[in-house]
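Put the complex together from the two separate chains, hints included.
Protein sequence lines, in the order shown, are assigned to chains A and B. Under this note's numbering, the first residue of the first sequence is numbered 1, with each subsequent residue one higher. Under this note's numbering, the first residue of the second sequence is numbered 1001, with each subsequent residue one higher.
Worth flagging that the hints you see were computed from the coordinates, not collected in a lab. Only a predicted model underlies this, so the values are computations on that prediction, with no experimental measurement involved. It cannot be assumed that every hint is accurate.
[Said to hold, decoys possible] With a cut-off of at most 30 angstroms between alpha-carbon atoms, the simulated DSBU-like pairs for lysine-lysine come out as follows: (1) A:Lys500 <-> A:Lys175; (2) A:Lys80 <-> A:Lys397; (3) B:Lys1098 <-> A:Lys280; (4) A:Lys519 <-> A:Lys500; (5) A:Lys475 <-> A:Lys80; (6) A:Lys475 <-> A:Lys541; (7) A:Lys97 <-> A:Lys66; (8) A:Lys175 <-> A:Lys290; (9) A:Lys97 <-> A:Lys165; (10) A:Lys66 <-> A:Lys191; (11) A:Lys447 <-> A:Lys329; (12) A:Lys519 <-> A:Lys504; (13) A:Lys66 <-> B:Lys1007; (14) B:Lys1039 <-> A:Lys165; (15) A:Lys30 <-> B:Lys1137; (16) B:Lys1137 <-> A:Lys97; (17) B:Lys1039 <-> A:Lys30; (18) B:Lys1098 <-> A:Lys30; (19) B:Lys1005 <-> A:Lys97; (20) B:Lys1098 <-> B:Lys1137; (21) A:Lys97 <-> A:Lys80; (22) A:Lys329 <-> A:Lys66; (23) A:Lys541 <-> A:Lys500; (24) A:Lys262 <-> A:Lys280; (25) A:Lys475 <-> A:Lys447; (26) A:Lys248 <-> A:Lys493; (27) B:Lys1005 <-> A:Lys30.
[Claimed, not checked] Derived list of chain B stretches under chain A, where covered just means 3 residues or more per stretch with a C-beta under 8 angstroms from a C-beta of chain A: (28) 1011 to 1019; (29) 1097 to 1106; (30) 1113 to 1124.
[What the hints assert, rightly or not] Only part of the chain B face toward chain A is listed, based on derived beta-carbon distances under 7 angstroms: (31) Tyr1085; (32) Ser1086; (33) Lys1089.
All residues carry an ideal CB built from backbone N, CA and C; glycine is no exception.
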Amino acid sequence: MYLYDQLDQTLINERVEQFRDQTNRYLSGKLTEEQFRPLRLMNGLYIQTHAPMLRVNIPYGLLSSKQLHALAHIAQHYDKGYGHFTTRQNIQFNWPKLEQVPDILAELASVQMHAIQSSGNCIRNITCDPLAGVCADEIEDPRPYCEIIRQWATLHPEFSYLPRKFKFAVSGSPKDRAATQVHDIGLHIKKNDAGQIGFEVLVGGGLGRTPVIGQTIADFIAEEDILSYAEAILRTYNRFGRRDNKYKARIKILVRETGLDKFTQQVNSEWQAIREGSLKLSQDEIQRVKRFFAPLAYQTIDNDNALIQDLGNSGSFRQWFIQNTLTHKQTGYQVVFVSLKSPHRAPGDINSEQMSGLAELADQYSFGQIRTTHDQNLALTDVRRADLYPLWQQLSKLDLATANIGTITDMICCPGLDFCSLANASSIDIAQGITDRFTHSAIDTGKISLKMSGCMNGCGHHSIGEIGILGVDKKGEQWYQLTLGGSDSHQSKLGDRLGKAIAKDAVVDAIDDIVQVYKANRVDNENFANTLQRIGLQPFKDKVYDAD
Amino acid sequence: MTLIKDKQIIDDPWCYLSDGHALKASHTIIDPDFWHQNKRSLSGASSPLGLMIPGDQELAELANDLTYFSLIAIHIPTFVDGRAYSLAKLLRERYHYKGEVRAVGDVLPDQAHYLTRVGFDALEFTDHPSASLALKKLSELSVCYQPG
Ligand code: SF4
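For reference, chain B alone in the conformation it holds in the complex (with noise of 0.2 angstroms):
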């Protein structure tokens, strides 16, 4: 996996609960589930956590708790399901969510410029190859019709 954040491929410091990390890590991202088994004892770590949400994730059950996690990563699918950019959309602008937004799962170089422009700060490729291509192609345009 290679990522970008704050449009720069950087060493991702974060890893997920699901590839059989250790949970003391710092930086792991978990799922839902996980969260509402656990909250309590999460709720009082002081590494950073980070969260996973489906595409059909309803935000207003997580209103509460988002300010536990530095980051909430949406995961795609497929890369023409575009729920993840109304959620992404909505983090940011309904629920002022400032920490790290990233698309995760099936996305392609040229979807780079439409996520980042919706609220994610963040992309996961697959190789470097896609990764400087999706760096590439936030530039493209250079202007737009939407406000905001």
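The following block holds chain A by itself, in its conformation from the complex (with noise of 0.2 angstroms):
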């Protein structure tokens, strides 16, 4: 992975005192508010229902067991034990005290990490598939781009003040496991009939309360133009996208208003400007970060015994090993998610203890690192198959082997009420309340993606999900709007709506009804979302509204 050298260093090390200078003026009062919140926002630092929330950033997902450990520390000492991973990849901390976040900042970077932009209106965490350099169908790594552009956007100097916040995504195969389709920028990794490497650039999808599916801007950027190209779409948004109503300030209005056809003009008149400017990446820029990600040093293993006969001895280990790993592109190796959706904690939530506990597996088993997921799971990524067996013994006395991925479970869902300001409704306990429903049924019940979010700004990804639950206010009471047959997947797609929104107490009902639709009119192992297309929405809605 990727090392810090002493520029980077440097850079966060000043970057935590000049927070801890911000901070010290807020709390002597020389800094208002209204001054403070965009700089600390530009630090991850949220104001929240109960205290301050500080988001952490993981870039691409990527992380090591000592930073793992250092995580453990943080929420051990700073905060109450436990800390929450994100959708886009970020770990965040319920419970500090403002005070102590610089202190907090200051032990992140000893380990090479920091909360730089993970939120405000500038550009933030890049994130990528989580199985990047360990899929088959790869045609390229995208870390080692995601860190170029890390480093590019890191402090960029004129693109913090941005009309809102902005999110690239970077996805290296042919089958998107980054939502590229949904961000700000999703860029594609492709080659040219030269077996050049260079990206199809998507522009203006996003999430949110107008969820919109990106379009293409450019078929094909050359590898060593993606800063000058980001640069140039970075320059038009921040000169003319809106700063007069901050729901229509994402890029995605932006374009929508100016329609793509202009839109692209004037990017690409822009671009034409600095293409060949100090922004060109060099092959060797490109290959120095490169070398940080070159393989790993996997063993050739040629019989695969040991396993045969660990799933031939134990049934649970079984379903463990088809639900929650995948083959990798070594043989002999295994990817192994660790589910953070177990019956017994809030979807994302893990403790101290458990996380300690996983970065010394990573140590023994997966070269010492760690991966998180935009489904707010972890994952080991190199395991040799001879050792899923203890891992997972392991793994289960840390409560991290719920056998459930992608089922209905394995859900993803934001804060909610619980903790978030913004919140219309919460979502924990509904969350809790279909895990209790479908705890023994999840795996029968096959793959569902579904996903949750307490208000339209939908940091759960409802919009996408096959089932998608949004709390909404009525008249101080929260209600539950769902949608069906969203995806995340190559072709994104947003839900439909179900019908009126439902009442808290019938939610887990009514996601009940939805499965058992699905079950009764699934033909052989027929997927959600095809059983969904082929019978359409009205046997769904017959079935939800009339039990009422």
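Rendered as structure tokens:
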């Protein structure tokens, strides 16, 4: 993985001291709340319902065991002993004390981590495929490019006061596992006929109040031009994006109001002027960064006997193996998903003990690296198949081996009313209700993506869930709007509204109704999306609303 | 108002026409409307002229006129409005403007560093303490990722 050099380290150390000064000035009344707000947001610090919330970046979802140990320590020492992983591969701490945040940042800096631009109207953490570097269908590893873009975007002097937040996602495979179509800029690595690496560039996707699927603005931008092209898009957005209404300030609205053709012209004319300038990437620089992501030192393994025996011996292990692991591109290795959707915790939450335990397992079994996924789970991506059984046993002890990846209980869920001051409705207790209802039938029910947000901002990505749940406020009461048929796969799609909003105590039953209709109608192993497409919304509506 | 120019606090030689100063005074900053209405008489003036533009100014419209101005001030209505940063960058890099580029309006000391990095060489602050703090803030970050 990428390791900081002197420049990277100096920069984040200085940034910590800069933020320390800003915090002190705020606490002593020299900065007003209004002035401090954007400054703290740009450094990942929100003020929420109960306390500040600090969001720490995990660039493109890659963590070392040392970093995970540090996060465990921070959770233990400065928070209530746990953290929460987000859909953008970051981690949030919900209970830090404002005056201690500079110290937390200093601890993070000591393990090459930071919270720079994890919120605010600037370029946010760059996300990518959690299987980067280990999946067989990859054209090129996206992580070096993510790192190159991360560096360009970090403390960018021109793009720190954008109209609104700005998110990048990069995918290196034809199968999009990074939800690039719902990001402000989505990049798909491809190779042209000459074998040159470049990117298809999508622009203007996003969830939130007005969910939009991104459109292609350029079919092929060569790798050396990617920063100048990104700069051209950002400059166009910074100049012309709306600033009069924060709900219309994302780039998707600018693209819509300007029209894709004209917007493309504006970007291209800007790009032509800067394309040959200082942002042009040299092969030296690209190769320098790529070396950090060179293939790991895999062993040559030619027999699978140990695993075959283990699978024969334990049914629960077999179930976990089928549900929570994936084939690796290297023979003899397997990708392991670590479920953060145990029945005993809120989706995405993990405590200090689990973090430390997992960090040790990563050292023992997976080259000391851990990935975060945009489904709010973790992954050990490079485990020898012969080690799966002992790994599973130890994960089980840590309550990190719930065999439910991809099922209805592996839901995405924002913090909702319990923590977030913008929420209309709670999501954690609904998640708990769904988990309780489906824990024993989840695997049999099959793969269903359920995503839930506590308000229109859509941090839980409800609009691209096969089942989406959105909390709405009706005269001070919590209600829930259901949608069906969304997708975040290669062809992203927004879900359709099922009908009128549903009262809180009826939500779990409604989800149960939906699952029953699916199970009654599926043919063979047909998945939820296909059944829905074949039979339409009506049978689901009938069941959910007639049952009232 | 306290002015930082080239990383030092100095007395401001400029005044704004909008403040009611007579145009005859040397070093006057005017707005684009006034310029367009009086271009003929102004373009012969021998005393230095400055122009204050808003954040949504289309620079192409001014491209041929930039040589008449020793100073371009960009007005920042609120400190979270980042358009000025792109305008300054364009003035310097696209239009090769060599005169003073000044940030005017709602500017925080914490922003001084980024402002100077995108091409501003002059920053106006409401008072002396803010300007002194801004000077300190200029040297907080000694390195950066972006070229140029
Ligand atoms: S979706 Fe709404 S309630 Fe949930 S975290 Fe985002 S802003 Fe808060």
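> Can the restraint linking B:Lys1098 and A:Lys280 be considered satisfied, given a maximum Cα separation of 30 angstroms?
Replying inline: Since the Cα atoms of B:Lys1098 and A:Lys280 sit roughly 25 angstroms apart, the hinted pair holds (cutoff 30 angstroms).
>> So if I understand the rule, the pair passes when the alpha-carbon distance is 30 angstroms or less; does B:Lys1137 with A:Lys97 pass?
In response: holds (25 angstroms)
> Given the hint that A:Lys30 pairs with B:Lys1137, does the C-alpha gap stay at or below 30 angstroms?
Replying inline: holds (15 angstroms)
>> Interface hint check: B:Lys1089, Cβ to nearest Cβ on chain A, cutoff 7 angstroms. Holds or violated?
In response: It holds, given that the least Cβ distance between B:Lys1089 and chain A is near 6 angstroms, below 7 angstroms.
>> Less than 7 angstroms between beta-carbons is the criterion; does B:Tyr1085 satisfy it with respect to chain A?
In response: holds (5 angstroms)
> Do the alpha carbons of A:Lys97 and A:Lys165 lie within 30 angstroms of each other, as the hint requires?
Replying inline: Answer holds: A:Lys97 to A:Lys165 is near 25 angstroms, not above 30 angstroms.
>> Please verify whether A:Lys541 and A:Lys500 have alpha carbons no more than 30 angstroms apart.
In response: holds (10 angstroms)
> Given the hinted pair A:Lys475 and A:Lys541, is their alpha-carbon gap at most 30 angstroms?
Replying inline: holds (25 angstroms)
> Does the region 1097 to 1106 of chain B contain three or more residues whose Cβ lies closer than 8 angstroms to a Cβ of chain A?
Replying inline: As far as the region 1097 to 1106 of chain B goes, the hint is violated, because 0 residues have Cβ atoms under 8 angstroms from chain A.
> Can the restraint linking A:Lys447 and A:Lys329 be considered satisfied, given a maximum Cα separation of 30 angstroms?
Replying inline: holds (23 angstroms)
> How does the coverage statement for the region 1011 to 1019 of chain B fare against chain A, requiring three or more residues with Cβ below 8 angstroms from a Cβ of that chain?
Replying inline: Since 0 is below three, the answer is violated.
>> Check whether the Cα positions of A:Lys329 and A:Lys66 lie no farther apart than 30 angstroms.
In response: The given pair, whose Cα atoms are some 26 angstroms apart, holds under the 30 angstroms limit.
The structure fails hints 1, 5, 10, 13, 14, 17, 18, 19, 25, 28 and 29 (numbered hints given earlier, in ascending order).
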